[in-house]
Structure formats: structure tokens, C-alpha cells
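Peer 1: Chains L and V, in that order, give the protein sequences.
Residue 233 in our numbering sits at position 232 of the first sequence; the count goes up by one each step and never skips.
Residue 100 in our numbering sits at position 70 of the second sequence; the count goes up by one each step and never skips.
A hint or two may mislead.
Here are some chain L residues pointing at chain V (derived, C-beta under 8 angstroms) [what the hints assert, rightly or not]: (1) Thr24; (2) Pro102; (3) Gly183; (4) Thr185; (5) Leu235; (6) His246; (7) Ala247; (8) Asp253.
Derived by calculation from the structure, the hints in this document are not laboratory data.
Positions of the beta carbon are idealized from the N, C-alpha and C atoms, including for glycine.
Below are the chains, spelled out letter by letter.
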Amino acid sequence: MSKIAIISQPEKGVLLDVGGCSTLQEALEQLSSTLQSSNQFWKGSTVLLAMGKLDLTAAQAAQILAIAKGVGVFPEAVVAKLANTRAAFAQNNVKVLDKAPMSLPKIKVEIKGDIPFAETEPDDQDLDETKAKTNLDVSILELEHDTIEDAPLPEPKAEQAAHEQKIVLPQVLYLKQHLRSGQTVSHKGDLVIIGDVNPGAEIMAEGDITVWGSLRGIAHAGIGGNTTAEIRALNLQPLQIRIAHAIARAPDRPRFMFAQGTGPEIARMVEGKIRVQKNRVEPARV
Amino acid sequence: MSGRVIVVTSGKGGVGKTTASANIGVALASTGASVALVDMDIGLRNLDILMGLENRVVYNLVDVVEERCKLRQALVKDKKLGNLSLLPAAQTRDKSAVTAEQMKKLCDELKAMYDFVLVDSPAGIEQGFQNACAGAEEAIVITTPEMSAVRDADRIIGLLEARKDEIKEYRLVLNRYRPNMVANNDMMSVDDVLEILSVKLLGVVPEDEEIIISTNKGEPIAGTENVRAGLAYRNIARRIRGEDVAIMDLTPQSQTWLNKIVSFFSPPVRV
Chain L
2 MSKIAIISQP EKGVLLDVGG CSTLQEALEQ LSSTLQSSNQ FWKGSTVLLA
52 MGKLDLTAAQ AAQILAIAKG VGVFPEAVVA KLANTRAAFA QNNVKVLDKA
102 PMSLPKIKVE IKGDIPFAET EPDDQDLDET KAKTNLDVSI LELEHDTIED
152 APLPEPKAEQ AAHEQKIVLP QVLYLKQHLR SGQTVSHKGD LVIIGDVNPG
202 AEIMAEGDIT VWGSLRGIAH AGIGGNTTAE IRALNLQPLQ IRIAHAIARA
252 PDRPRFMFAQ GTGPEIARMV EGKIRVQKNR VEPARV
Chain V
31 MSGRVIVVTS GKGGVGKTTA SANIGVALAS TGASVALVDM DIGLRNLDIL
81 MGLENRVVYN LVDVVEERCK LRQALVKDKK LGNLSLLPAA QTRDKSAVTA
131 EQMKKLCDEL KAMYDFVLVD SPAGIEQGFQ NACAGAEEAI VITTPEMSAV
181 RDADRIIGLL EARKDEIKEY RLVLNRYRPN MVANNDMMSV DDVLEILSVK
231 LLGVVPEDEE IIISTNKGEP IAGTENVRAG LAYRNIARRI RGEDVAIMDL
281 TPQSQTWLNK IVSFFSPPVR V
């Protein structure tokens, strides 16, 4: 588990998992920075806290709850693996669970051979070569070997059926936070990050992913098979992009010239391949 | 086949464990042996970056251990050497994600597939280090000629000796060696380090700016000709394979003709 993992499912709420922290101090810091970064969002949501294997006393549990309370969040329940910690939260009059009701999506990928680069698409309205070029490599490799199967979610059948009926994904997770190496966010819906996603961080969503900042980690949109999902960022320099069943990687160069941005770009699936396109605002028809 | 499982460790951070792992891996693979590099630094994964493979990582060691994928799926093939593969660490987990028993099982599986399994250990002497050693039969201890690094290497060697039932052999690589500073008595010499650690020397790698360039490129220096640090790593690989290769002459390079004559008559600095 990362220092903090944010797992969100519209029908169940948002789980903030600090199980990756090895000390109380670390957990307190991670929790407070996440909650404070977008406190308006958290106030309206059903929030669950997960403590992993942290061993806490009643007083320490109260400290955790105080941080949440400070930003107006009253957790629905607290998940803890150790009986000690569960008792500690129970003493603070919070519902406790021994198992989290949701977990990060498990993804199966079968890859034979090298992972292809993302294609760059020349602007059809502007075929000027220099303009169509982005920093993503244009080499094309066949994608036919790549298949992703979603491992069954906790309640597979009911959830999959519900998902098939709901083609329009209802909820947006809106996070105002920099995501650093090792941090993970997953959401059963559209995901909006206001901030950067650094290399080593992973974001996953069943719907679209929008990063108002630089996307340099791994982004997976359309988990579960939504091939119309898109990934957009003000600066699109991801290590890998995954959309539904497809996967593409960044070129091997440039590796560290992070300061040179790409400008706003969108990645989407076109004919089974991931393509990257400059963002283009349609001119208003007057 | 049963390959050799070698853990690369140091105690202290920043002395070049990961750089050494990548380079020894590349150098061993260049000799024709099949090599698996295992990044055990769970949570602070770096080896994939040095190898220039970070954009190809899909699964990792923890996925294998937790049976979310097959071992074969998690192994990332090197860009250039077909007989070199990387098993990346997980970045979103921590050291407690695997146990020593799981590591041992994993190493056993890998050594059936490869001639060499190089395990890049995390810094420290805690569970991460213990896990990295779990499946190993040999160890390479990396240190730099600095008091703090040598002290930590000494501690590590003590811990390796305590595991002498599993770890049959351990050898030292002295990294970031600066012959000019040694010549001016500003840095511990190879002999000074060996005096304290009383351990077999596997190699001496000179400090080289090219290392930084190669790290940023994602192409380990051992694959580059005409670089002294690269040659040092290739020599280390040959010694691991049992060849008798002399430690290269690391006398200061910038010499005037006068110095050359003087040094011709004085005994060379043995390194």
C-alpha cells in the first residue's frame, strides 16, 4: 500500500487508506494533507478510513479522528486489521470493520513482446508536420497481443451488471492535490486531479481522467472496458497510458527534460490503439 | 539449471548499490550468461530507471508474490540484451509486502531459469535487507572509501557472516574511488579499506561523471566501451564468472612526462 491510497466508488463512498504508513505521525500527516487539500469535496462524501496494520491506542485513534473532524469529516467507519486498533476506535464511538468494503481494482494484462508507443495523430485540420509533432514517439507496434481482463471485484456479478446499465458514469472524484511517487488513486467514475501526477504515482478510473497539471505517472482510464474513456492533461508526459484494454508507453527519450512541456493533449483510443492529440478548441461559430 | 543468487547490499544508502546491480547485470549478460535483476527496494524503486525500462513496467515483484500475475509476465526484458531481464519492485507498497520465505521461493524459481540472479537490496539492515538476503548464496558488499560507508559495510559483513549457512561467499566492491585524492592522502586507499574490513576484493570502480550521464540515459555504463568505470564493471563480471583478472591500474591519470619518469622509478600504487 502506498503512504495513502484513495479508493472511491460512488455507491459506497471514499476509502482513505493510510495502511501504508509505518508510524502514527506519518499517518496523521498524510491524512491531514489529503483532507485539507480538497476539504469541500470530503465534507459531502461518505468517508471511510483504513488503518492497515497500524497499532493504535484510544488516544491515538482520537488524534486521527480529530484531524478528520477539523475539516468537517466524520468517518462512516474505520477499517483496521489489528483488534487493538479496532477496540481503540470503538472506544471513540466509531463503527469499526475488520475488512475494507472496497479495494484497488485488480488488473490483469497479458503482454507478449514490447509495449507499443502511443501514436501521435496529425491534426486533420492542420496537416503542418511541425505542429502535429508532440514529444511522444510515432513508432507504431501492433497491439493485438495485449488483452486486459478485470479480476472480479468484491461482488462481481451485481456490480458488473450495474455497470453495464449505467453507461454514463455518474460521479466525478475531484482531487486538489499533487500525487507523488507511490501514491495511488482509483475511482469508479471520472477522475479530476488538480495538480501534478508524478512518475511513480498511479491513477485509475472507470471513466475519463483529467489532470489539470502535468501527468507523468501511470494513468489508466476506462478500467473495465470503456474504450471511449479519455485521458487529458495540461502537460501529457506519462510513463504509460492505459485505456480500457490497451496500453502504450512513453518513448525512451527524453527522460528528464521535464521542464519542456507538451501543452494540453488528449489521449484516446482510435481503432484499438492509443493516440495522442493536441487539444483543440473548436472555433465558435458566430 | 541452477543459477547463482547474489545479493548486492551495502548498509549505507547512496553508495551505488543500484548502479552496481545494473552494471554488473549488464556486464554479466554481455559475457553471454542469462541474468535476472531483482529490485528488492519495495517502495523506493529505482533499478528500472537506471536500466531505462521504467515505461515498460506493468507488473512487479509484489504482484508475483501475491499471485496476481505469473513470474514470466512481470519480468521486463532489457532493451538491448535479450538474455537480461528485470523484475521490478512495487512502488505503491512497502517493505512489509513480502516475507523472507516468499523471497526465497521466488529466488529458487528464478535460479531455475537464469544463470545469475542479482538481488538489489534496499539500504538499511531491517526487513528489506533480510528479505533481499533470504534466497541468496553469495553477496556483493558495496562501499565507498568514506568512514561512514565503511562502518556500515562492516556492520553488513557481520550480518552476512551470521548467515554463513546460507551465504557461502561475500566480496567487496569499492565504488567511487578517486585515485587523485588517494595519492594526496585525502581519501582511504584500497588497502586501508581492506585492512578494516578484511574481506575479499571483487573490484574497484573509479568515480566517473559518465555514471551520471548513463543513469539519466537509462543505459548502464558497463555497456559503453572506453569508460574506465564501465571496464571496472566488466572486469567484476569476469571475476564473478571465475576468471582471474587483475585489478586495473588506478594511478592518477593526469600525469606530466616528469611525473611519469618519477613514478616509473617509484613503486606503483597498488590498487
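Peer 1: In ascending order, which of the hints set out earlier in this document are inconsistent with the structure?
Peer 2: 1, 2, 5, 6, 7
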